[in-house]
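Full structure from sequences and hints, please.
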Amino acid sequence: MSKSSITIRPDNSPIARNSPTSRRTFLRNSAAMAGGTLASGAMGSSLARAEPLPVPDSVKAPGRIIEPKAYGVPSKFESHVVRTRSDVLVNKQNLSDWSMTPLQHQHGIVTPNGLIFERHHAGTPDINSEAHRLVIHGMVKQPLQFAMSDLMRYPSVSKFYFLECSGNTLTDWTKAASNTVQQSHGLLCGAQWTGIPVSWLLNEAGLHPAAKWVLFEGADGAAHTRSIPIDKVLDDVLLVYAQNGEMLRPEQGYPLRAFVPGWEGNVSVKWLRRIKVADQPWQFRSETARYADPMPDGKWRQFSFVMEAKSVITTPSGGMKLK
0 MSKSSITIRP DNSPIARNSP TSRRTFLRNS AAMAGGTLAS GAMGSSLARA EPLPVPDSVK
60 APGRIIEPKA YGVPSKFESH VVRTRSDVLV NKQNLSDWSM TPLQHQHGIV TPNGLIFERH
120 HAGTPDINSE AHRLVIHGMV KQPLQFAMSD LMRYPSVSKF YFLECSGNTL TDWTKAASNT
180 VQQSHGLLCG AQWTGIPVSW LLNEAGLHPA AKWVLFEGAD GAAHTRSIPI DKVLDDVLLV
240 YAQNGEMLRP EQGYPLRAFV PGWEGNVSVK WLRRIKVADQ PWQFRSETAR YADPMPDGKW
300 RQFSFVMEAK SVITTPSGGM KLK
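Per numbering that gives the first Met the number 0, the sequence shown starts with residue 0, numbered consecutively.
It is possible that part of the hints are untrue.
Said to hold, decoys possible - Listed below are the simulated DSS-like cross-link pairs for lysine-lysine, each with C-alpha atoms no more than 25 Å apart in a straight line:
#1 Lys-75 / Lys-320
#2 Lys-75 / Lys-140
#3 Lys-275 / Lys-140
#4 Lys-231 / Lys-211
#5 Lys-174 / Lys-309
#6 Lys-158 / Lys-231
#7 Lys-298 / Lys-174
#8 Lys-309 / Lys-158
#9 Lys-75 / Lys-322
#10 Lys-320 / Lys-298
#11 Lys-59 / Lys-140
#12 Lys-211 / Lys-275
#13 Lys-231 / Lys-174
#14 Lys-309 / Lys-231
No lab work stands behind these hints: they were computed from the structure.
So this is what it looks like as structure tokens:
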């Protein structure tokens with residue numbers, strides 16, 4: 000830019016109300032009216048003097064070498080950022096249990112894989128991905144069976160979605176029992192999910208015209224199973240094998256899970272082994288004795304799938320100190 004093209008505004012020229020110059024003028028005038036200047040205050044004095052920083056030990060010697068084989072871990076100074084088991088409701092058998100996401104320490108919308116909450120009905124199984132199989136049968140023209148290597152050959156789809164357990168905040172439904180947002184709202188996470196749409200495989204199998212519902216069955220000790228309306232399945236449900244850029248963790252359903260966007264976490268069946276198509280729901284235990292809502296008139300409401308919006312202040316949370 001040529002020198003002649005630069006315009007210098009005089010001090011008395013009009014400026015926008017919310018411009019940095021306007022704010023600086025306001026602060027300067029306010030400090031003067033208070034009988035002092037910012038530089039004379041305890042906070043401002045160190046800024047005004049611009050004292051040199053002490054030389055830290057980290058610049059006096061080389062750091063750690065790159066390990067030959069390693070999986071990156073957080074800094075030791077962030078060791079307080081961890082999942083915690085619920086200390087409000089704990090299952091005596093230590094199997095059907097959950098751990099909570101530390102929402103008060105999360106930055107942004109993506110929850111790191113090692114901090115995503117857990118919810119199991121019979122513990123976490125260790126499944127060999129090479130031996131695992133997925134079967135599609137029922138009201139289809141051609142039953143299909145897939146190895147994980149077969150599924151990985153399909154083009155992948157990656158989507159950012161939240162995942163929330165239907166029991167999130169239940170610890171405080173009758174009375175306030177939680178001390179932190181992790182305890183009250185920690186059955187929640189946000190992640191990038193990678194896999195293939197279930198609709199691709201159902202179309203390949205050929206749906207019967209009367210098909211209305213789809214069964215998802217897990218390979219865990221509880222054989223957790225849910226019935227999902229076929230319209231939802233064909234719309235946006237995924238078969239997920241990766242999460243935040245890496246293969247699913249065992250506690251998140253490795254090697255394969257269903258993911259049903261926007262619906263209760265329990266319908267996103269983990270360790271998925273079977274998909275069956277039918278013309279009506281199956282009325283499993285997880286749809287009658289569990290995950291059904293008691294109503295004031297004594298009846299129970301089934302299939303309340305959608306997770307409604309919640310809001311909560313994540314930081315500061317209970318136990319934190321404001322500085």
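Which numbered hints are broken by the structure, listed smallest first? Per hint list: 2, 10, 11 and 13 violated.
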